[in-house]
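Number of protein chains: 2
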Amino acid sequence: ITPADDEDTFKILVATDIHLGYMEKDPVRGNDTFVTFNEILDHARKNEVDFILLGGDLFHDNKPSRKTVHSCLESLRKYCMGDRPVQFEILSDQAVNFHYSKFPWVNYQDENLNISIPVFSIHGNHDDPTGADALCALDILSCAGLLNHFGRSTSVEKIDISPILLRKGRTKIALYGLGAIPDERLYRMFVNKQVTMLRPKEDEDSWFNLFVIHQNRSKHGATNYIPEQFLDDFINLVVWGHEHECKIAPFKNEQQRFYISQPGSSVVTSLSPGEAVKKHIGLLHVKGKKMKMEKIALETVRTFHIEDIVLADHPDLFNPDNPNVTQAIQAFCMEKVELMLDTAERERLGNPRQPEKPIIRLRVDYAGGFEPFSVHRFSQKYMHRVANPKDIIHFFRRREQKEKKEIDLNFEKLVSRPAEGTTLRVEDLVKQYFQTAEKKVQLSLLTERGMGEAVQEFVDKEEKDAIEELVKFQLEKTQKFLKERRTDAVEEKIDEEKKLFCSLSVHCLKNNLVRKKDCIYLFFY
Amino acid sequence: ITPADDEDTFKILVATDIHLGYMEKDPVRGNDTFVTFNEILDHARKNEVDFILLGGDLFHDNKPSRKTVHSCLESLRKYCMGDRPVQFEILSDQAVNFHYSKFPWVNYQDENLNISIPVFSIHGNHDDPTGADALCALDILSCAGLLNHFGRSTSVEKIDISPILLRKGRTKIALYGLGAIPDERLYRMFVNKQVTMLRPKEDEDSWFNLFVIHQNRSKHGATNYIPEQFLDDFINLVVWGHEHECKIAPFKNEQQRFYISQPGSSVVTSLSPGEAVKKHIGLLHVKGKKMKMEKIALETVRTFHIEDIVLADHPDLFNPDNPNVTQAIQAFCMEKVELMLDTAERERLGNPRQPEKPIIRLRVDYAGGFEPFSVHRFSQKYMHRVANPKDIIHFFRRREQKEKKEIDLNFEKLVSRPAEGTTLRVEDLVKQYFQTAEKKVQLSLLTERGMGEAVQEFVDKEEKDAIEELVKFQLEKTQKFLKERRTDAVEEKIDEEKKLFCSLSVHCLKNNLVRKKDCIYLFFY
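Chains F and D supply the protein sequences, listed in that same order. Residue numbers for the first sequence follow UniProt numbering, so the first one is 1 and each next one is one higher. Residue numbers for the second sequence follow UniProt numbering, so the first one is 1 and each next one is one higher.
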């Protein structure tokens with residue numbers, strides 16, 4: 001299926017999870033996301049694509065910094081405005097497709113803007129709409145006329161997805177989008193048959209159906225992902241955002257007979273093996289109902305090399321009873337890191353646009369009676385050679401963790417400082433707390449409002465955001481509660497303390513200081 | 001001097017201190033600034049002005065909320081884009097005029113943007129550039145192509161102001177701008193002859209010289225304002241921002257022979273008499289070297305009525321020894337408020353666009369042995385009739401304050417909770433603390449960097465921002481200090497605690513809890 005490009009061929013640049021502003025304050029990596037975004041836009045321009053399709057998380061932070069917004073506006077204005085005419089038309093009702101926008105039409109048809117490359121994007125879980133005004137960072141871009149934010153549903157119970165209908169020559173694309181929704185909520189909606197993808201009335205079968213979604217594709221829990229088979233089988237291609245590993249070459253879901261392309265992120269945000277896979281974006285050609293996904297390797301992405309060592313697998317090298325074993329381990333790790341640095345350097349030599357310092361991660365399983373050595377001193381040796389000196393080495397004990405029993409549901413035990421070597425995940429804490437709480441404690445405010453379910457949604461988020469979100473949520477609920485009871489005077493005080501709470505909880509979290517006192521205060525306030 | 005409009009006449013809409021986002025969360029007043037901004041832009045459009053000139057503080061918050069930025073972009077895109085051609089040209093080097101912009105040219109000449117009304121703005125003290133990237137909120141608008149941010153100096157020691165040279169027919173305007181700078185710093189620079197207004201090389205006298213500035217015009221302290229006579233006498237008209245009282249009709253500075261127009265704010269931000277003056281914007285006509293300022297009354301501004309009562313002036317009505325005097329005072333105040341509400345209602349009847357609920361302030365000087373009554377209960381009576389029920393009544397004791405001695409410089413005494421009836425101003429605290437500290441305490445970090453002077457600049461800001469700013473400033477200094485000494489590990493911790501500190505200090509401030517422990521910790525960290 002390799003159509004030759006002609007006036008009937010859509011050329012679409014496909015990318016996702018660009019995470020603008022990620023680590024923006026880091027002296028080494030601070031500009032990585034901006035540089036790569038520019039590279040992506042430049043590929044779009046050079047390839048004279050019809051449009052850019054983004055799968056969410058263009059921004060890393062829900063409220064991106066001024067610098068990040070500024071830089072993004074700059075890039076879009078620079079690369080996506082100009083005289084090259086846009087060669088496709090929109091057949092659907094734009095007032096429906098962009099109903100929540102103050103300018104509910106596609107930007108390239110605005111007579112006051114000279115757009116050469118329209119960008120269409122759904123929002124991700126990082127840049128989703130929040131607050132009373134339910135705006136997201138993409139809406140700033142969209143209000144400025146530099147991006148078309150689509151795929152936003154306003155109901156939490158039922159979703160009807162109206163496609164944007166595009167035509168270029170004889171090719172017609174029905175572009176469906178669904179911005180990020182907490183996985184468990186969306187899972188439930190799918191199960192309850194509350195997600196409907198509307199079809200064009202005429203010539204239903206003549207459309208190439210392209211769906212872009214930003215959810216967990218891999219199973220993170222029973223209902224904490226979206227199984228591929230939930231999606232309608234009339235779809236031709238799913239562009240799946242959120243998952244950071246690049247699997248951009250379309251692979252078939254045999255059951256549903258559609259293809260999935262998972263572009264992956266354009267920046268390394270977690271030091272896990274999936275992120276070490278070479279980053280690509282896609283140049284999607286669609287002609288009639290045929291498609292071809294061309295891979296474009298990103299040249300400005302900082303390389304990331306990750307390796308694992310299991311100390312217990314080397315009884316010949318390491319004996320836990322040897323008093324000098326720690327030095328031996330350290331020497332071995334240095335050797336490994338040097339090899340990884342060599343590999344990184346060789347790779348970089350072939351690509352002058354790649355940033356100089358690589359990201360290096362060595363995961364050391366020290367189960368079996370070994371002791372971790374000082375990561376701090378080890379890091380210092382690589383201060384000027386790697387981009388992430390502070391977290392090159394990660395000690396863990398996989399074997400022992402597997403053997404451990406399930407954590408007791410007793411809240412009393414949970415909230416004490418976690419034992420060394422284990423990490424207490426806030427989402428576990430919150431989940432288990434509410435499991436316990438709902439059974440035992442009289443939580444009039446919480447249970448009457450279905451707090452339990454709401455909490456589930458929050459804990460799906462990044463760990464570091466979980467408590468902050470929870471606090472906000474709970475405070476808003478409490479405020480509403482108080483408002484209804486007309487004790488207005490209390491509101492102001494709550495508002496004032498809101499900020500403090502959020503900072504406080506983030507602070508606690510970062511320092512692994514989630515104490516009972518804080519939690520109870522935060523939850524019950 | 002009333003020129004007839006023709007093809008040689010510039011028509012300029014002049015406004016300042018719009019403070020977008022002020023009280024945006026207030027259920028009654030939340031939209032006031034957005035509504036009035038739209039009214040201002042609509043006046044510009046209806047009057048077919050050549051451009052809009054803003055004198056700073058377009059935004060109330062240095063980091064305006066998403067809603068505020070979104071709303072501002074929406075208004076500018078709606079009112080300032082379109083097909084009406086811009087009929088003046090720019091003769092100066094735009095790369096100089098807009099040197100700090102990523103798009104260093106005026107927006108209406110950008111071939112990708114269809115601008116009908118260019119907006120030129122300096123920044124104010126509320127929306128001034130901050131942070132490592134030295135961006136301000138206006139730069140977001142400017143990067144989006146919807147505003148021309150000018151008058152920004154990058155040096156803190158020497159300022160050369162290059163005018164934007166505009167020509168329409170035979171009229172030539174040299175537009176000088178100077179974005180807000182801490183008054184004392186700018187005062188010093190003027191005194192040291194470090195502020196230079198550059199003149200066009202040719203036909204120096206043929207230009208109408210228009211200067212827009214955003215500083216204290218009234219004297220707040222020996223050097224805490226900019227005396228009018230500091231400004232060059234070749235100027236024809238100064239548009240003076242920052243001062244909120246509307247004095248838009250140009251008045252002459254006889255010494256310098258130029259005119260000053262002080263447009264005033266378009267929203268009431270402080271409940272002081274100056275803000276009760278009817279709000280106007282200006283339609284400035286300039287033809288050759290003649291000008292005319294036409295006043296345009298703003299119709300959407302919420303009315304504000306303020307009155308003072310001095311209880312001791314009414315010995316016939318109030319006797320402090322009478323056990324029922326408090327009831328009598330309260331009844332008197334209610335009568336006053338009712339009269340003010342009547343006045344407000346009459347005024348509003350003539351203007352259907354004015355918001356329904358007025359802002360009412362009754363200042364009660366209770367010196368002479370009287371007791372304040374419960375403001376809370378009083379407020380509740382007006383909950384549904386005034387926009388600011390919580391602060392209708394303001395009790396103060398003018399007489400006794402005058403008699404009071406200067407506050408002791410002893411820090412120990414200062415930081416205890418202030419005595420009832422007095423308000424401890426944070427700027428006093430900070431000033432006095434440093435006066436004491438610099439003499440007595442070994443402050444290596446602070447004094448070696450001229451902290452004392454820097455603090456002066458911060459205390460000029462709004463009281464509620466003072467400590468927060470100070471903390472930020474001090475933390476940045478400390479970080480720099482630590483960086484230079486290569487103890488990188490400490491940085492991350494500081495960054496984490498920064499947020500906490502800022503919230504904490506704001507919180508302390510709002511609750512009048514500026515304790516010694518906090519202050520010392522904050523200053524010395």
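Rather than coming from a laboratory, the hints here were simulated on the basis of the structure. Some hints here could point you the wrong way.
Intra- or inter-copy, both count: the list cannot distinguish identical chains.
[Stated by the list, open to error] Using 30 Å as the maximum straight-line C-alpha spacing, the simulated BS3-like pairs for lysine-lysine come out as follows:
| no. | residue 1 | residue 2 |
| --- | --- | --- |
| 1 | K25 | K168 |
| 2 | K289 | K336 |
| 3 | K46 | K78 |
| 4 | K292 | K25 |
| 5 | K336 | K67 |
| 6 | K390 | K290 |
| 7 | K295 | K357 |
| 8 | K201 | K247 |
| 9 | K252 | K357 |
| 10 | K63 | K102 |
| 11 | K67 | K102 |
| 12 | K158 | K67 |
| 13 | K102 | K357 |
| 14 | K63 | K201 |
| 15 | K25 | K102 |
| 16 | K219 | K201 |
| 17 | K193 | K295 |
| 18 | K78 | K219 |
| 19 | K78 | K201 |
| 20 | K11 | K357 |
| 21 | K158 | K278 |
| 22 | K102 | K78 |
| 23 | K201 | K67 |
| 24 | K168 | K11 |
| 25 | K381 | K201 |
| 26 | K336 | K11 |
| 27 | K158 | K295 |
Starting from the hint list further up, note which numbers the structure goes against and sort them upward. 1, 2, 4, 5, 6, 8, 9, 14, 16, 17, 18, 19, 20, 21, 23, 25, 26, 27
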